[in-house]
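**Student:** Dock chain B against chain A, hints included.
Now for the letters of each chain:
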Amino acid sequence: GQQVMQIPQYQHVQEGEDFTTYCNSSTTLSNIQWYKQRPGGHPVFLIQLVKSGEVKKQKRLTFQFGEAKKNSSLHITATQTTDVGTYFCAEDTGTASKLTFGTGTRLQVTL
Amino acid sequence: NAGVTQTPKFQVLKTGQSMTLQCAQDMNHNSMYWYRQDPGMGLRLIYYSASEGTTDKGEVPNGYNVSRLNKREFSLRLESAAPSQTSVYFCASSVQRGVYEQYFGPGTRLTVT
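Chains as they are written, first to last, in my numbering: chain A, 241 to 351; chain B, -2 to 110.
If we strip away everything but chain A, and leave its shape as in the complex, we get (with noise of 0.2 Å):
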């Protein structure tokens, strides 16, 4: 089955630094999902995008749902420590509240 991209699937930072993953679809989305996802954890939610354009923020990180419904991307602002982990979108298939997830970005982050 096609599987939403997400690039990169890994990014080592130091912290502080900034970070950014993608998600890109080859159809346009309804609405798409965030979740993380700690070493050894579960997916835990972290946000839903509806809107063309719309932009959500939670603290350090910026959430972006593109023009066009076919890309969104997470930003963190001056990583921490506590964001290691990955970092899955995932797009709303329309059927059952059934999502399909990205392939996920690694993150981690040293001192």
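Please keep in mind that the hints were generated in silico from the structure rather than gathered at the bench.
Honestly, I wouldn't trust all of these hints.
Residues on chain B that point at chain A, a partial pick, calculated with CB under 10 Å [unchecked claim]:
1. A89
2. G102
3. G104
4. T108
5. V109
Below, simulated DSSO-like cross-link-like pairs (lysine-lysine); rule was C-alpha separation at most 30 Å, straight line [as the list claims (entries may be wrong)]:
6. A:K276 to B:K54
7. A:K276 to B:K68
8. A:K296 to B:K68
9. A:K276 to A:K297
10. B:K54 to A:K310
Just so we're clear, the structure is a prediction, and the values are computed from it rather than from any experiment.
The beta carbon of each residue, even a glycine, is placed where N, CA and C say it ideally should be.
**Tutor:** Chain B only, in chain A's frame:
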């Protein structure tokens, strides 16, 4: 509220053995899901249940069966385990309208030798 619970947390099977992974949620959600997670592959949907009494195949259903026992419980069965089924299995649940975020259980780490 416990949220989504899964049992067991870890399991080792020999090829050909069978087992059932249990999942329960106490949030009165209609929809429930089973995923597998392999390194570099993200989360892939095995089966889902949009509501009590219904189940449907996801992206990777071969080798698995499911049962939606009631609104709370959704089990995943491996009839004849294969090494390719070595993975981490997550159960999730969600509402069906509004912001239907999925709530995940802690996962079951399964190894098939």
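**Student:** Holds or violated: K276 (chain A) and K54 (chain B), Cα atoms, limit 30 Å.
**Tutor:** Roughly 25 Å separates the two Cα atoms, so the pair holds.
**Student:** Given the hinted pair K296 (chain A) and K68 (chain B), is their alpha-carbon gap at most 30 Å?
**Tutor:** Judged against 30 Å, a Cα distance of about 34 Å means the pair is violated.
**Student:** With chain A as the partner, please determine if G102 (chain B) meets the hint condition of a C-beta pair closer than 10 Å.
**Tutor:** 7 Å, holds
**Student:** Is the hinted pair K276 (chain A) and K297 (chain A) satisfied, with a Cα-Cα distance of at most 30 Å?
**Tutor:** Holds - the C-alpha atoms of K297 (chain A) and K276 (chain A) are around 15 Å apart, at most 30 Å.
**Student:** Given the hint that K54 (chain B) pairs with K310 (chain A), does the C-alpha gap stay at or below 30 Å?
**Tutor:** 26 Å, holds
**Student:** How about A89 (chain B): closest beta carbon in chain A under 10 Å, or not?
**Tutor:** Hint on A89 (chain B): holds, closest Cβ of chain A at ~8 Å, below 10 Å.
**Student:** Holds or violated: V109 (chain B) as interface residue toward chain A, Cβ cutoff 10 Å?
**Tutor:** 20 Å, violated
**Student:** Within 30 Å, alpha carbon to alpha carbon, are K276 (chain A) and K68 (chain B)?
**Tutor:** 27 Å, holds
**Student:** Hey, does the G104 (chain B) contact hint survive, CB to chain A under 10 Å?
**Tutor:** 6 Å, holds
**Student:** With a cut-off of 10 Å on the beta carbons, see whether T108 (chain B) makes it to chain A.
**Tutor:** 16 Å, violated
Consistency with the previously given hints fails for numbers 4, 5, 8, ordered from lowest to highest.
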